Amino acid sequence: MSEFWSAALGALLGFSTGVATEWWKSGREDLRDLCKGFCEVVSEAAQAGADFWLAPAGGSNAELLLIRVKGYQTRLDGYVTILDGRLDDEALDEIGAALAALFHELTGGDPNDPTRQSSAHQALAVYIAASEVFVAIRRASYSRMSFKQRVMRYCTRSWVNQTHTMKLPPKRPFERT
Amino acid sequence: MTGKEINIARDYTPLPGGRYVKYGPYSGEDFRDRILAPALRANDSVKISLDGTRTLMSSFLEEAFGGLIRVSGFSYDELQKKLTVEATAPRYSVYLKMIEQNMVEAAAEAAGKKNNQVA
Chain A
129 MSEFWSAALG
139 ALLGFSTGVA
149 TEWWKSGRED
159 LRDLCKGFCE
169 VVSEAAQAGA
179 DFWLAPAGGS
189 NAELLLIRVK
199 GYQTRLDGYV
209 TILDGRLDDE
219 ALDEIGAALA
229 ALFHELTGGD
239 PNDPTRQSSA
249 HQALAVYIAA
259 SEVFVAIRRA
269 SYSRMSFKQR
279 VMRYCTRSWV
289 NQTHTMKLPP
299 KRPFERT
Chain B
159 MTGKEINIAR
169 DYTPLPGGRY
179 VKYGPYSGED
189 FRDRILAPAL
199 RANDSVKISL
209 DGTRTLMSSF
219 LEEAFGGLIR
229 VSGFSYDELQ
239 KKLTVEATAP
249 RYSVYLKMIE
259 QNMVEAAAEA
269 AGKKNNQVA
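Chains as they are written, first to last, in the working numbering: chain A, 129 to 305; chain B, 159 to 277.
Bound conformation, chain A alone (with noise of 0.2 Å):
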């Protein structure tokens, strides 16, 4: 009868030990996965970004190439979506500012200009912009969340969104005292 027992709860050990490892593998791979779709994104954006900057305003294909960087920037916002609550805040924060420096790249500056003239220097600086965030996402990739915190994450997350709020900072650290 013991040695039934022993036989059962060594079953029992190593089937959870395999359930363990193998939800653990599946998630590190699908992370990977999303952040290679990610990456495939951010580079299509960039290039759809340095294509429509090279154009000049009043070219045939200059509207269609903004409303294609504007697509790509809602894509790259569904990634932002999809990773919040996959990855830990430092690496969100991290990939956050690198794609709104990437934003600011491609839609800032006059891009609505009908006498805008094609700019290879803000072409270069969308590639510039692009690396910077894949630089974050491949950090990002490697999750730094331990065992422990990932599970208290996912029991703690709220299935419902929450607000995110931008209040200015109190300090102004830029004036001059």
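Derived by calculation from the structure, the hints in this document are not laboratory data.
Each hint can be trusted.
No farther apart than 16 Å at their CA atoms in a straight line, the calculated lysine to aspartate or glutamate pairs in the EDC-like style are these:
1. A:Lys295 to B:Glu263
2. B:Lys180 to A:Asp241
3. A:Lys276 to A:Asp216
Computed from a prediction, not measured in an experiment: that's the story for all the values here.
Position chain B relative to chain A; hints supplied.
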């Protein structure tokens, strides 16, 4: 104490445009001059919600929010007290960062000009 809530998608447009009125409809300049700045002048607190907007261009945000300091003459301290921008969907978190950055940069630019004038 008076407060106002403005949802850009509901009260202005779900598809904001670019920077200036002269380059097309629903520009950052138009939103700032017709909606945002008057609301800030008339109220003690203004809450802007980004929820529901489809794509926000950097040029729209910079002109609407950075322009409050650069063009409309609001001070950083005043906006720090009165203005809150929020969103519930995580996809807008990047835009909140952009707005903060735009306003801090506009204030730094204004402070630089002021310092140069004094010097």
